[in-house]
Amino acid sequence: MVKVKDAHKHFGHLHVLKGVNLEVARGEVVVIIGPSGSGKSTLLRCLNYLEPVQSGEVWVDGIRLDHHKTNIRQIRAEVGMVFQSFNLFPHLSVLRNVMLAPVIVRKRPEAEVRESALALLAKVGLQDKTDAYPSQLSGGQQQRVAIARALCMQPKLMLFDEVTSALDPELVREVLDVMKQLARDGMTMIVVTHEMGFAREVADRVIFMDEGRIVEEGTAEDVFDRPQHQRTKEFLGKIL
Amino acid sequence: MLLDGALTTLHISILTLFFSFVLGTAGALCRMSRIRWLHGPATWYVEFIRNTPLLVQLFFIYFGLSQVDIQVPNYVAGLIGLVVNNSAYLTEIIRTGIQAVHKGQFEAGLSLGLSYPQLMRRVVFPQAFRVIYPPLCNQFVGIILWSSLVSTIAVEDLAMRGKQLASTTFRSFETYIVLTLIYVVMTLMVSGTLKLVGRRLFRRPA
Amino acid sequence: MPQYVQDRLNFYDALLFLQGLGNTVLLCIAGLGLGLVIALFVGLARASRLRWLSWPAATYIEIVRDSPLLMQLYLVFFALPLLGFQVPILVAGIATLMINSSAFMAEIVRAGIQSVGKDQWEAARSLGMGYVQAMRWVVLPQAFRVMIPPGVGLLIGLIKDSSVISVISYMELTRVGQILTEKTFLSFQVFGIVAGLYFLLCYPLSRMAMYAERRLGVSG
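Chains C, V and Y supply the protein sequences, listed in that same order. One point on numbering: in numbering that gives the first Met the number 0, the residue at position 17 of the first sequence is 16, and numbering is uninterrupted. One point on numbering: in numbering that gives the first Met the number 0, the residue at position 12 of the second sequence is 11, and numbering is uninterrupted. One point on numbering: in numbering that gives the first Met the number 0, the residue at position 208 of the third sequence is 207, and numbering is uninterrupted.
Bound conformation, chain C alone (with noise of 0.2 Å):
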């Protein structure tokens, strides 16, 4: 599903992503952790290119994301990411929020989009909140509407950055139920998260990276457990 090959970033002089292969099989949720700086949001971004790569290859859903016959557009419709800082779109209600880029995007025919956006509404719990505004919601509440937004263009792959991270702590719960929920029904996920417990529920593999490189990977057991490398025993060290 996504490959990336020999991955570099620069931003100005900061070399940020050097040298990261990656490989995300369908159906695979696959959990970053590391710490700040580490480049694992970045990395995060290149997979829909918010951010381009300037050296190594991209490949998502088979298509390389920086070839210049690829339609962007059309990668983006397939991969749906969500912030930490929500981005919902605040002149906009939330049963619009969600159904504005289908409609838009993909060309789907209003009635349709309604209905996939209330059901989609539904799963993550805020039926009753359709004709609420953003700003009228809490945290959690913001950021599961967020989710369905990106659920509603029926990505194959779902990219999460840091999205509980700028929640209060009792929030972070409610959506990270829906986040399992979503692994259960088999979606591809990478996440970039300090949710530990979230990785040792649902993760198939764990990711640490550090300093633009991923040091250590394997399963959520093998890297909290037996971390094999200095770096992430002292990593592991300061948080759990």
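Since the hints were made in silico from the structure, they are not lab data. Check before you lean on any hint, since a few could be wrong.
[As the list claims (entries may be wrong)] Pairwise CB distance ranges, derived in the manner of DEER restraints:
(1) Y/Pro80 x V/Asn137: 31 to 37 Å
(2) Y/Tyr11 x V/Leu187: 44 to 50 Å
(3) V/Thr167 x Y/Tyr11: 38 to 44 Å
(4) Y/Leu199 x V/Phe17: 52 to 58 Å
(5) V/Asn137 x C/Leu117: 40 to 46 Å
(6) V/Glu173 x Y/Leu52: 46 to 52 Å
Cβ coordinates follow ideal geometry from the N, Cα and C atoms, glycine included.
Use these hints to put chains V and Y onto chain C, whose structure you have.
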């Protein structure tokens, strides 16, 4: 007779605002573009207009057009001058508004697969407009006041009518006091109305 | 009578441009200088908590800001003779710019004063300073820093506004442009030069204002 002039002034002002807004949006997009030949000329245009007087720009266009033997009615020349002038200011206002929109909005829209025009129209502009509205109203008031300069190129607006009235009645001082008051009243009414409209437009459940 | 039409600009015209430029500068410096003095008092009045001070100040500011400069010019030009004396048009021009700039500057002064935090006042007062002393030594110096960027903006606006004084035939830069255009019919060149000269006056000030804003934003 003065009423006639007042209507002309309003008419010119509204047309100017409309065209300047269109050009200003184009200008803002150019100034934010990374394409050199869009960004450069747009920036120079804005800086040049903002650092030279409107009257000179009006004369430049009015006399310039006749120098190259293009005949246009005076008010068209005046309108062109006003539009060219105000578009520069609107470019900056609109650009500020667009840049005030949180970067995350762009990212969310893009990652949903929206194209640039769709993104602008559906997500960015509606939010930018909130920021643009107050300075835009201010600018409109400015247009009304400065449109009086077209009287120097013989356009029959309020200022011109006032001048004519003053010269026919020989009571210049009183005429101009009245004229000034008319402008003040017009300005206050327009800005008051726009403020009310703004309050209604931007009422969102909080 | 044969009409002598020049077909190109010559050295004497260049001198005329310089004269116009000089007169423009004269107008602006005089107009702004006097306007600043008035603005200081009007601004203080406007910022005052005394209704009988702030209200008239506000009215004055509002009326001047909501009327066209052209009208103000006509008013001054036709009012002065009524007061009995014939004044040179230079004085009429300066008076108009003085009144106009005073209103806008007063707002800047007001904003500057109100930007100084209340605790500054309290500190000054608790040291025993009276109103005037507190103003002079504590508040105004701080307000001054805030007033500079918009103040420079006002100066730029004034330089451009001075072009309107050409209407009463004062020989400033725009008027020179009109006269030379009548003489030579080379309006593109003439007004191009005129615009260029205004640009040379204003643009450096623009950059200074941007620079000042950045500097003050960091430290303020």
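To see whether the hints hold, each was checked on the structure:
| no. | hint | verdict |
| --- | --- | --- |
| 1 | Y/Pro80 x V/Asn137: 31 to 37 Å | 35 Å, holds |
| 2 | Y/Tyr11 x V/Leu187: 44 to 50 Å | 48 Å, holds |
| 3 | V/Thr167 x Y/Tyr11: 38 to 44 Å | 40 Å, holds |
| 4 | Y/Leu199 x V/Phe17: 52 to 58 Å | 33 Å, violated |
| 5 | V/Asn137 x C/Leu117: 40 to 46 Å | 43 Å, holds |
| 6 | V/Glu173 x Y/Leu52: 46 to 52 Å | 30 Å, violated |
Checked against the numbered hints listed earlier, the structure breaks hints 4, 6; every other hint is satisfied.
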